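Chains as they are written, first to last, in UniProt numbering: chain A, 1 to 355; chain B, 1 to 389; chain C, 1 to 321.
Simulated from the structure, these hints should not be mistaken for lab results. These numbers come from a predicted model, not from an experiment. A virtual CB, placed ideally from N, CA and C, is assigned to each residue, including glycine. A portion of the hints provided could be inaccurate.
Which chain B residues stay away from chain A? Per the calculated CB distances, all over 12 Å, these [claimed, not checked]: (1) Pro40; (2) Thr48; (3) Leu79; (4) Arg132.
With a Cα cut of at most 20 Å, we get these calculated SDA-like pairs of lysine to any residue [claimed, not checked]: (5) C:Lys243 to C:Asp275; (6) C:Lys83 to C:Pro47; (7) B:Lys348 to C:Lys243; (8) B:Lys348 to C:Ala39; (9) C:Lys83 to C:Ala39; (10) C:Lys127 to B:Pro129; (11) B:Lys348 to C:Lys83; (12) C:Lys83 to C:Glu57.
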Amino acid sequence: MPAAGRAPDAPGERVISTVLDPAVLTPLVVHTEAWINFDVGLLIDRFWANTINGLAYGSIYALVALGYTLVYGVLQLINFAHSEIFVIGVFGVYLTFLGLGFEPGALPNLPLAAIILDLLLAGVVAMVVAGLAAVGLERVAYRPLRRRNAPRLAFLITAIGASFAIQQVIRIVRGSNPEGTIRLLPPSPAFTVFGAPVTNLQIVIILASIAMFIVADQFVNRSRLGRGIRAVAQDPATATLMGVNRERVIMITFLVGGVLAGAAALFYLMTIPQGAVYNGGFLLGIKAFTAAVLGGIGNLRGALLGGLILGVAENYGQSLFGGDWRDVVAFVLLVLVLMFRPTGILGESLARSRA
Amino acid sequence: MRTRFATVSHWWNRQSRPVQWAYMVPVVLFLLALPVLNPPIITTEPYTDFPISLFNAAVFALIAIGLNVVIGQAGLLDLGYVGFFAIGAYTAALLSSPDSELGVRYPWLVIVPIAMVVTMISGVILGTPTLRLRGDYLAIVTLGFGEIVRLLADNVDPLRGNRGFQNIARPGGEFADGTPIFSQTDALGFYWLAVIIIVIVLLFMGNLERSRVGRAWIAVREDEDAAELSGVPTYRFKIWAFAIGAAVGGLSGTLFAAQVGYVNNQRFDVTTSILYLAAVVLGGQGNKVGVIVGAFIVSYIPDRFQFEPQYRFLVFGIALIVLMIFRPQGLLGMRQHLLTYGRQAYQKLFGARAAVAPSGLSASSRARGDLPEAVPDDHAGTSPRGGGE
Amino acid sequence: MSEPTHDSTSTSLDVPPSEEGLLESLEHMDAAERAEHDAAVSASVAPARDFAVAQGETLLAVDGLTVRFGGLTALDDVTFDVKRGEILGLIGPNGAGKTTCFNIMTGVYRPTAGDVRLEGQSLARMKRYRIIQAGVARTFQNIRLFGAMTALENVVVGTDARHRTSVPGALLRLPRHRREERDAVEKAMALLEFVGIADRAADKATALPYGYQRRLEIARALATEPKLLCLDEPAAGFSATEKDALSELILKIRDDGYTVVIVEHDMRVVLGVTDRLVVLDFGRKIADGLPDEVRRDPAVISAYLGGAVEDAPAGAGEEDA
Numbered sequence: 001m002p003a004a005g006r007a008p009d010a011p012g013e014r015v016i017s018t019v020l021d022p023a024v025l026t027p028l029v030v031h032t033e034a035w036i037n038f039d040v041g042l043l044i045d046r047f048w049a050n051t052i053n054g055l056a057y058g059s060i061y062a063l064v065a066l067g068y069t070l071v072y073g074v075l076q077l078i079n080f081a082h083s084e085i086f087v088i089g090v091f092g093v094y095l096t097f098l099g100l101g102f103e104p105g106a107l108p109n110l111p112l113a114a115i116i117l118d119l120l121l122a123g124v125v126a127m128v129v130a131g132l133a134a135v136g137l138e139r140v141a142y143r144p145l146r147r148r149n150a151p152r153l154a155f156l157i158t159a160i161g162a163s164f165a166i167q168q169v170i171r172i173v174r175g176s177n178p179e180g181t182i183r184l185l186p187p188s189p190a191f192t193v194f195g196a197p198v199t200n201l202q203i204v205i206i207l208a209s210i211a212m213f214i215v216a217d218q219f220v221n222r223s224r225l226g227r228g229i230r231a232v233a234q235d236p237a238t239a240t241l242m243g244v245n246r247e248r249v250i251m252i253t254f255l256v257g258g259v260l261a262g263a264a265a266l267f268y269l270m271t272i273p274q275g276a277v278y279n280g281g282f283l284l285g286i287k288a289f290t291a292a293v294l295g296g297i298g299n300l301r302g303a304l305l306g307g308l309i310l311g312v313a314e315n316y317g318q319s320l321f322g323g324d325w326r327d328v329v330a331f332v333l334l335v336l337v338l339m340f341r342p343t344g345i346l347g348e349s350l351a352r353s354r355a
Numbered sequence: 001m002r003t004r005f006a007t008v009s010h011w012w013n014r015q016s017r018p019v020q021w022a023y024m025v026p027v028v029l030f031l032l033a034l035p036v037l038n039p040p041i042i043t044t045e046p047y048t049d050f051p052i053s054l055f056n057a058a059v060f061a062l063i064a065i066g067l068n069v070v071i072g073q074a075g076l077l078d079l080g081y082v083g084f085f086a087i088g089a090y091t092a093a094l095l096s097s098p099d100s101e102l103g104v105r106y107p108w109l110v111i112v113p114i115a116m117v118v119t120m121i122s123g124v125i126l127g128t129p130t131l132r133l134r135g136d137y138l139a140i141v142t143l144g145f146g147e148i149v150r151l152l153a154d155n156v157d158p159l160r161g162n163r164g165f166q167n168i169a170r171p172g173g174e175f176a177d178g179t180p181i182f183s184q185t186d187a188l189g190f191y192w193l194a195v196i197i198i199v200i201v202l203l204f205m206g207n208l209e210r211s212r213v214g215r216a217w218i219a220v221r222e223d224e225d226a227a228e229l230s231g232v233p234t235y236r237f238k239i240w241a242f243a244i245g246a247a248v249g250g251l252s253g254t255l256f257a258a259q260v261g262y263v264n265n266q267r268f269d270v271t272t273s274i275l276y277l278a279a280v281v282l283g284g285q286g287n288k289v290g291v292i293v294g295a296f297i298v299s300y301i302p303d304r305f306q307f308e309p310q311y312r313f314l315v316f317g318i319a320l321i322v323l324m325i326f327r328p329q330g331l332l333g334m335r336q337h338l339l340t341y342g343r344q345a346y347q348k349l350f351g352a353r354a355a356v357a358p359s360g361l362s363a364s365s366r367a368r369g370d371l372p373e374a375v376p377d378d379h380a381g382t383s384p385r386g387g388g389e
Numbered sequence: 001m002s003e004p005t006h007d008s009t010s011t012s013l014d015v016p017p018s019e020e021g022l023l024e025s026l027e028h029m030d031a032a033e034r035a036e037h038d039a040a041v042s043a044s045v046a047p048a049r050d051f052a053v054a055q056g057e058t059l060l061a062v063d064g065l066t067v068r069f070g071g072l073t074a075l076d077d078v079t080f081d082v083k084r085g086e087i088l089g090l091i092g093p094n095g096a097g098k099t100t101c102f103n104i105m106t107g108v109y110r111p112t113a114g115d116v117r118l119e120g121q122s123l124a125r126m127k128r129y130r131i132i133q134a135g136v137a138r139t140f141q142n143i144r145l146f147g148a149m150t151a152l153e154n155v156v157v158g159t160d161a162r163h164r165t166s167v168p169g170a171l172l173r174l175p176r177h178r179r180e181e182r183d184a185v186e187k188a189m190a191l192l193e194f195v196g197i198a199d200r201a202a203d204k205a206t207a208l209p210y211g212y213q214r215r216l217e218i219a220r221a222l223a224t225e226p227k228l229l230c231l232d233e234p235a236a237g238f239s240a241t242e243k244d245a246l247s248e249l250i251l252k253i254r255d256d257g258y259t260v261v262i263v264e265h266d267m268r269v270v271l272g273v274t275d276r277l278v279v280l281d282f283g284r285k286i287a288d289g290l291p292d293e294v295r296r297d298p299a300v301i302s303a304y305l306g307g308a309v310e311d312a313p314a315g316a317g318e319e320d321a
């Protein structure tokens with residue numbers, strides 16, 4: 001980013017600003033040739049709120065990033081269409097809500113237990129649908145190419161085509177406007193950290209994401225199938241010779257990635273209830289991929305770490321530069337990481353290094 | 001079908017380059033006359049103005065030619081190509097629109113070289129850090145680049161976001177009756193201009209292809225490490241591919257901006273980049289004529305048959321998958337010729353009779369008169385490597 | 001790596017190509033014309049470069065070369081010379097570090113310590129394509145040709161290493177570009193003839209028979225006019241007849257003015273062509289000398305696990321291509 005001006009060192013001035021009082025804030029806003037404004041005061045004021053929001057939102061990135069990382073680890077393929085698998089999950093959740101009789105806009109008047117049950121149901125539906133969609137995608141788009149031993153570029157182009165096609169199918173079926181808002185569980189502050197509220201939703205999302213991550217991590221590192229996945233990631237030829245069924249491993253990998261994307265879809269729609277829209281996966285997908293690269297693509301723990309870091313960094317960026325620049329933060333971060341540490345923070349562990 | 005095509009391309013490849021161009025003259029003349037003839041079945045009217053539809057197809061073709069350098073020749077998957085198109089269009093706007101804060105009103109002919117240099121530089125700036133990356137990372141970074149260009153257009157004040165720029169300069173000149181050749185309402189003049197630009201760009205691209213540069217690109221695409229270990233400065237030529245592709249993208253942006261006369265932030269989303277990709281892949285990566293056909297399909301067919309835009313995207317998304325699986329070399333997969341004096345060389349080797357374009361046949365089997373259609377001479381994208389390396 | 005092709009002639013290449021696939025134009029020559037023609041070909045293939053060292057002097061100096069990958073020491077303080085005009089064999093059991101040594105010499109890896117100098121100029125920090133331009137060319141153990149290009153075009157890519165045309169020159173077809181192109185095609189054709197595959201010049205590299213592909217790699221490397229040619233297991237996968245033809249070719253290359261380093265497992269080829277041997281074992285040099293001395297060296301014999309050197313397994317099943 002062209003940083004046209006220097007922000008003043010702010011800690012001393014922080015005292016005078018409060019978040020909601022623009023009159024107080026104005027002196028701290030440095031106007032830099034009408035391009036980008038640095039608002040250090042806001043960054044510092046919202047530091048803890050940003051951190052908590054970022055962790056919650058970042059864990060959604062992390063779950064989607066796991067899908068990229070798993071597939072990349074096994075196939076060395078950026079599965080561009082993974083973002084659309086996520087969107088399928090989002091619509092799975094949304095349509096389940098509709099099927100359960102919830103109306104857009106209305107707040108449900110149900111006991112908490114029933115709501116939790118409904119959310120669980122929607123989550124399971126999303127995970128199943130997204131998992132199956134991922135497996136189907138692999139069958140239709142990638143397996144034929146593997147059979148033909150196609151070059152890498154062909155896989156990428158197919159992935160883009162698939163992403164595009166799925167997106168358009170959703171658009172044709174559900175229209176191009178976002179779906180109405182269905183909020184089952186309105187966020188309410190549960191406690192505060194350094195004055196920043198933590199909502200019940202955020203607690204649920206962070207805890208559930210970490211739980212899902214642990215399950216996935218254990219699956220890959222402990223189970224027999226997971227051993228197969230790691231074997232194929234390291235050396236497909238040898239793994240096949242040793243009796244690992246490569247096609248099955250690939251299918252399982254896509255399935256796991258899809259299921260995690262389905263879970264992410266539930267958390268996403270709980271956080272952003274108006275977010276069910278056909279192209280909602282594009283930005284989220286590219287950010288989740290950034291998260292995967294950030295942590296070290298092919299590395300499960302890296303995906304988690306990368307997701308959380310990206311979620312937080314993005315919020316800081318939003319406060320510092322303004323909401324319009326929020327999305328640029330992820331891209332710039334991606335480019336910087338790839339330039340200076342292309343193997344990510346934790347390195348590429350699942351993937352073998354290329355000769 | 002395939003047999004006939006193979007025969008035609010066989011015959012075509014046997015002709016010398018000047019002869020090929022001589023054959024092209026009537027074709028180009030026909031293309032120039034097309035909007036005037038307005039032939040019944042081909043025309044897109046009454047739905048879409050025919051000259052405008054043709055002009056759009058021509059701009060698309062120009063874009064595809066530029067993108068082909070990057071994707072088809074050098075094998076670099078650039079998904080942010082629309083960014084260069086946008087930079088070209090915005091350069092034209094900033095340098096000529098009265099809405100621009102720069103306060104200058106340069107004529108179009110001055111703008112074109114400036115815009116090409118600006119986009120070329122932006123191509124180098126994007127390429128310098130990213131072209132050291134692995135190919136698949138490049139795809140996603142360029143995707144991000146395209147999006148950043150759009151976000152800049154949205155958010156940077158002097159670029160006026162949604163309000164955009166009015167009255168962008170267009171080339172001058174009048175017909176005998178005093179009506180301007182280049183106008184917003186009648187795209188005829190602009191279409192002619194676009195076709196002429198395409199012909200010129202094709203000539204230059206042909207020169208590049210049959211040179212050290214074109215060979216370096218193909219070598220990079222085929223096996224980058226082996227290329228470097230055969231003495232090809234791979235990084236430098238990848239940057240060149242990016243820069244040249246960008247310049248052509250910028251050129252098409254200025255052409256487009258001049259015709260429409262108006263630029264705002266609405267036309268440069270990433271989905272457009274994917275349509276460009278579809279055009280290149282559809283027609284045949286690496287093959288100039290192929291990508292023009294691809295661009296024509298992507299741009300003209302929906303106009304002619306009144307596709308809903310949403311179906312257009314769906315159809316071309318599916319087309320990408322189907323093509324990669326069943327015909328990765330595109331509809332018109334043809335070998336490129338990479339030697340300036342290649343034809344003479346092969347003729348000297350095998351004599352005029354057998355001096356066909358390089359193919360998969362050995363001289364001896366050619367002498368026996370084996371059928372040419374069995375020749376796998378068009379597998380530009382299917383060399384038996386990839387996946388398992 | 002070697003793909004079966006549609007061409008039935010590709011499967012067996014036991015007959016040396018010079019006897020099977022003659023150029024049509026050559027069929028009509030008598031013996032004297034043939035000899036004259038061959039001399040012309042050899043002359044145009046010979047390296048046209050200025051050397052800083054005379055025949056028999058040290059061309060390439062490998063000096064204290066050490067390479068570690070993580071904890072693994074692939075090369076440990078290896079020192080040897082290559083004299084201009086000789087054929088040096090670099091041999092040793094599997095995993096001895098031969099290919100690693102090649103990879104350092106051509107810039108694929110960077111040495112952990114030590115240096116490689118060509119005519120006194122250090123190659124250790126040079127960019128890969130610069131190393132080629134400086135004069136070290138190589139072939140690959142597993143063939144790496146540009147599959148979409150013809151044989152002739154593959155070789156012309158090699159000649160491009162000596163060319164200076166860039167985008168402006170090519171775009172405008174400036175005179176230097178045209179001159180370079182004409183010379184390149186001439187030279188590349190001569191090279192194809194020199195290695196004996198000119199009859200398939202117009203064929204796609206992937207459509208060539210295996211033996212032709214190996215020879216094409218040599219032609220592409222020679223096209224860069226190397227001062228030093230590195231051949232990485234050129235006889236891998238060859239039949240006995242093909243190996244003989246290859247040995248002949250390697251000798252012909254040397255006689256044409258090139259210096260050759262060869263990594264090869266097949267002892268018949270190695271002993272048949274090399275002037276001197278360097279033996280590596282577990283990353284260390286264990287012997288260096290004339291082939292006859294080296295094969296009697298006890299250290300070498302024990303490195304090959306007691307087996308007589310002549311009986312070292314040869315041919316199929318050994319290369320990891």
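Here's how the hints hold up against the structure:
no., hint, result
1, Pro40, "32 Å, holds"
2, Thr48, "21 Å, holds"
3, Leu79, "7 Å, violated"
4, Arg132, "8 Å, violated"
5, C:Lys243 to C:Asp275, "18 Å, holds"
6, C:Lys83 to C:Pro47, "16 Å, holds"
7, B:Lys348 to C:Lys243, "31 Å, violated"
8, B:Lys348 to C:Ala39, "19 Å, holds"
9, C:Lys83 to C:Ala39, "25 Å, violated"
10, C:Lys127 to B:Pro129, "17 Å, holds"
11, B:Lys348 to C:Lys83, "39 Å, violated"
12, C:Lys83 to C:Glu57, "5 Å, holds"
Violation of the numbered hints given earlier is confined to hints 3, 4, 7, 9 and 11; the remaining hints are satisfied by the structure.
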